[in-house]
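The residues making up each chain are set out below.
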Amino acid sequence: MLRVRNLGVGFGAEPVLENIDLDIKAGEFASLIGPSGSGKTSILRAVTHLLEPLTGTTEVDVPSRDVGFLFQDDALLPWRTARQNVALGLRIRGSEIDDAEEQAQQWLARLGLERFGDRYPRQLSGGQRKRVAIAQVLALEPKLLLMDEPFASLDAIVRTRITQELLDWVEHEHLTVLLVTHDLEEAISVSDVVYVLSQGPRARIRARHEVPIARPRNVLETRRDPRFGPLLKRLWDELSAESSLAA
Amino acid sequence: MKRWLDNPTLRRAVALVFLLALWETASRLDWINPFYASSPSAVAKVLYSLFADGQIWPHLEATFSAAVIGLVAGLALGVVLGFVAALTPLLAQLIEPVMILLNAIPRVILAPLFVIWLGIDLASKVALALILVAVLIFFAVYSGIKEVDQRLVERVRTLGGGKRVLIREVYVPSVTAWIMGSLKVAVGFAFTGACVGEFVASSRGLGYLLQFAQSTYNAALTMALIVLIMGFVVVLFGLSEWLERRLLPWRYA
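So the sequence lines, in the order shown, correspond to chains A and B.
Per this note's numbering, the very first residue in the first sequence carries number -1; after that it's consecutive.
Per this note's numbering, the very first residue in the second sequence carries number 3; after that it's consecutive.
Please note that the accuracy of each hint is not assured.
[To be verified] Some residues of chain A that are not near chain B, with every Cβ distance over 10 Å (derived):
1. Gly54
2. Val58
3. Asp71
4. Glu94
5. Glu236
[Said to hold, decoys possible] Here are the computed lysine to any residue pairs in the SDA-like style, where the Cα-Cα straight-line distance is at most 25 Å:
6. A:Lys141 to A:Arg200
7. B:Lys165 to A:Lys23
8. A:Lys23 to A:Arg1
9. A:Lys231 to A:Glu183
10. B:Lys165 to A:Ile95
11. A:Lys23 to A:Ala205
12. B:Lys165 to A:Arg91
13. B:Lys186 to B:Ser145
14. B:Lys165 to A:Asn4
15. A:Lys141 to A:Gln121
16. B:Lys148 to A:Pro119
17. B:Lys47 to B:Glu156
18. B:Lys165 to A:Lys231
19. B:Lys165 to A:Asp97
20. B:Lys165 to A:Gly227
21. A:Lys141 to A:Pro199
22. B:Lys165 to A:Arg89
23. B:Lys148 to A:Gly25
24. B:Lys47 to B:Trp244
25. B:Lys148 to A:Lys141
26. B:Lys165 to A:Arg78
27. A:Lys141 to B:Tyr219
28. A:Lys141 to A:Gly25
29. A:Lys141 to A:Lys231
30. B:Lys47 to B:Ile58
31. A:Lys23 to A:Ile155
32. A:Lys141 to A:Glu26
33. B:Lys148 to A:Pro210
34. B:Lys148 to A:Glu139
35. A:Lys23 to A:Val156
36. B:Lys165 to A:Glu26
37. B:Lys165 to A:Pro210
[To be verified] Distance ranges between label pairs, derived from CB positions:
38. A:Glu94 to B:Val187: 36 to 42 Å
39. B:Arg13 to A:Glu50: 58 to 64 Å
40. B:Leu168 to A:Trp234: 40 to 46 Å
Bear in mind the hints are in silico, worked out from the structure with no lab data behind them.
Note that CB positions come from ideal geometry on N, CA and C, so glycine has one too.
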């Protein structure tokens, strides 16, 4: 579904990333973890052509309209209501305004926001804004979903709840997902495959781990699986080795 | 006991009445020279007579037309130039230095030039109000577009939006917010332009009357005219605020 070959990204003289190869199969849930500043986000931005790579290629098996990108911050259009924000993508794709808003309303309802459609972003809490951003992306029914630490700003309870909702949807629609995160437990509890990025500059893929826990999953129960602990320890050791290289 | 003073509007009104009473008393008891400082009652009397015999109307009309036409035209020109400069870098290189220069000088020094070019009638006052407003609005629009939230631009792009969608969904609303932020200042500038234009050369207008009041050492008339202009600016402020709430409901909801 998604292939990244020999990707190199950089802004100045020294590349942030180098020789990145990723192979994500259709229906696979992959996570990419790495130290801060290792360029995790740049990989997603290169895949969506928001960033021009120095070297290498990225290849997606579906048209770009089927790729959804959930950003780290929930920057919604402040002058549009929650419903209008969700409808925006649908309207860009040519839906009539009424159809788009009706669909948007259904998406908001699915994410527990049916009563908040007329609110502006500044009238919503952080968790609610995040749900609107999720609805905005899912409403376009992407086949490939790219997520850049989407839950970093949320408290633990809200975070677990939203993650589970998203996971259920991914399962239901057989989505392919690439999640960028620095949260090891989150990465293991949701993914089939975890890629570990080394410390930048010139960060590379240091390791690839399969998570041997069956899907569909429950975020909380997965953490109690006997295979969860040992994998967490391995990833922890790898990442702290990388971080100590930098320190 | 002090509950009625909790209302800020009421508190301001009380303070104003107190100051006016103090001024009136000071003037009547000759603590200050009424010839220079006049008094609220004298100012009110002049204001009343200006309206009662109707001689104020042609002057009001002159200043008001100049300010409002200059304001609207200045807004339009500033918006157009701002968009053009922000979207076509080549023209920005031509427009920006001129605007920076115009912004750096006290633009009212152009008044005599406008009188030479456009005569002592309305046109020269409109031109001065227009140039004062246009430069202000140009920078609001130009920097509004340049400093638009790039995250929003990226969102709309990844949702599949092209240039047209970006302008409609991101640039226009964000620039509208910037313009609204400058609108009150623009109202003040428009009246500055109209009045200063009338100081320089005119046969009508509040600026002309002010000039006349000054040359006859008529403090009461001078103050009456100042109060009058303040009144109009306050009304226009109210209108701008109403417009702002209508155009930017997302800020006030």
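Tested hints:
1. Gly54: Given that every Cβ of chain B is farther than 10 Å from that of glycine 54 (chain A), nearest at about 21 Å, it holds.
2. Val58: 13 Å, holds
3. Asp71: 6 Å, violated
4. Glu94: 16 Å, holds
5. Glu236: Non-interface label stands for glutamate 236 (chain A): nearest chain B Cβ at 31 Å, farther than 10 Å.
6. A:Lys141 to A:Arg200: 31 Å, violated
7. B:Lys165 to A:Lys23: Distance of about 33 Å is beyond 25 Å: violated.
8. A:Lys23 to A:Arg1: 9 Å, holds
9. A:Lys231 to A:Glu183: Holds, because 10 Å separates the two Cα atoms, which is no more than 25 Å.
10. B:Lys165 to A:Ile95: 19 Å, holds
11. A:Lys23 to A:Ala205: 17 Å, holds
12. B:Lys165 to A:Arg91: 14 Å, holds
13. B:Lys186 to B:Ser145: Roughly 18 Å between the alpha carbons, so the hint for lysine 186 (chain B) and serine 145 (chain B) holds.
14. B:Lys165 to A:Asn4: 32 Å, violated
15. A:Lys141 to A:Gln121: 31 Å, violated
16. B:Lys148 to A:Pro119: 23 Å, holds
17. B:Lys47 to B:Glu156: The given pair, whose Cα atoms are some 62 Å apart, is violated under the 25 Å limit.
18. B:Lys165 to A:Lys231: Roughly 48 Å between the alpha carbons, so the hint for lysine 165 (chain B) and lysine 231 (chain A) is violated.
19. B:Lys165 to A:Asp97: 23 Å, holds
20. B:Lys165 to A:Gly227: Distance ~49 Å between lysine 165 (chain B) and glycine 227 (chain A) Cα, so the pair is violated.
21. A:Lys141 to A:Pro199: 32 Å, violated
22. B:Lys165 to A:Arg89: 15 Å, holds
23. B:Lys148 to A:Gly25: 41 Å, violated
24. B:Lys47 to B:Trp244: 32 Å, violated
25. B:Lys148 to A:Lys141: 34 Å, violated
26. B:Lys165 to A:Arg78: 18 Å, holds
27. A:Lys141 to B:Tyr219: At roughly 81 Å apart (the allowed maximum being 25 Å), tyrosine 219 (chain B) and lysine 141 (chain A) break the hint.
28. A:Lys141 to A:Gly25: Within the cut-off at roughly 9 Å; holds.
29. A:Lys141 to A:Lys231: Since the Cα atoms of lysine 141 (chain A) and lysine 231 (chain A) sit roughly 32 Å apart, the hinted pair is violated (cutoff 25 Å).
30. B:Lys47 to B:Ile58: 14 Å, holds
31. A:Lys23 to A:Ile155: Violated: lysine 23 (chain A) and isoleucine 155 (chain A) sit about 31 Å apart, past 25 Å.
32. A:Lys141 to A:Glu26: 11 Å, holds
33. B:Lys148 to A:Pro210: 49 Å, violated
34. B:Lys148 to A:Glu139: 33 Å, violated
35. A:Lys23 to A:Val156: 30 Å, violated
36. B:Lys165 to A:Glu26: It is violated: about 34 Å lies between the C-alpha atoms, which goes past 25 Å.
37. B:Lys165 to A:Pro210: 46 Å, violated
38. A:Glu94 to B:Val187: 36 to 42 Å: 41 Å, holds
39. B:Arg13 to A:Glu50: 58 to 64 Å: This hint holds: roughly 59 Å between Cβ atoms.
40. B:Leu168 to A:Trp234: 40 to 46 Å: 43 Å, holds
When the structure is compared with the earlier hints, violations turn up for hints 3, 6, 7, 14, 15, 17, 18, 20, 21, 23, 24, 25, 27, 29, 31, 33, 34, 35, 36, 37 and for no others.
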